[in-house]
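Visitor: Sequence:
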Amino acid sequence: MIYEFLQISIKENSEDSFIAAVEKAKPLFLNSPGCEGMTLTRSHEHKGRFCLVIRWESIEAHVEGFRKSDALPQWRALVNEYFSEPPKGEHLIPVFEA
1 MIYEFLQISI KENSEDSFIA AVEKAKPLFL NSPGCEGMTL TRSHEHKGRF
51 CLVIRWESIE AHVEGFRKSD ALPQWRALVN EYFSEPPKGE HLIPVFEA
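The numbers in UniProt numbering rise by one with no breaks, and the one at position 7 of the sequence shown is 7.
Incorrect hints may appear among the rest.
Stated by the list, open to error - Below, a list of computed lysine-lysine pairs in the BS3-like style, where the Cα atoms sit at most 27 Å apart:
hint, residue 1, residue 2
1, LYS26, LYS11
2, LYS68, LYS88
3, LYS26, LYS68
4, LYS68, LYS47
5, LYS24, LYS68
6, LYS26, LYS88
7, LYS11, LYS88
8, LYS88, LYS24
9, LYS26, LYS47
10, LYS11, LYS47
11, LYS11, LYS24
12, LYS88, LYS47
Claimed, not checked - Label-pair distances were calculated between CB atoms; the ranges are:
hint, residue 1, residue 2, range
13, GLY37, ASP70, 29 to 37 Å
14, GLU12, GLU64, 31 to 39 Å
15, ASN13, GLU45, 13 to 21 Å
16, ARG76, ALA98, 34 to 42 Å
17, GLU97, SER14, 30 to 38 Å
18, ILE19, ALA98, 27 to 35 Å
19, GLU90, GLY37, 16 to 24 Å
20, PHE96, SER69, 14 to 22 Å
21, GLU81, GLU57, 25 to 33 Å
22, LYS68, PHE96, 28 to 36 Å
23, THR41, ASN80, 14 to 22 Å
24, PRO87, GLU36, 17 to 25 Å
25, GLN74, PHE96, 31 to 39 Å
No wet-lab data here; the hints were simulated from the structure. Here a beta-carbon is modelled for each residue, glycine too, at the ideal position from N, C-alpha and C.
Work out the full structure, taking the sequences as your base and the hints as a guide.
Guide: Structure below.
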């Protein structure tokens, strides 16, 4: 398993609309082969900052599957208007869970 980690900063006063857009986008991820789930979290300390963590079966499922599918431009169309800057992303490999 691999985690896709996105730190997302959104424009002021658009939190509710952004959350609704991510809710609407859930099927784009969850119906993508190799997606094992996703979690959206909101920062307690920094207003307008969110973390989206998507669990993928493999990095290939994300990079070769989702990113090359029609789902990626659909995702961007739903959420890009809310970004105050481009999201910062990386892939994380689980070390342990307790």
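Visitor: Looking back at the hints listed earlier, which ones does the structure fail to meet?
Guide: 4, 13, 20
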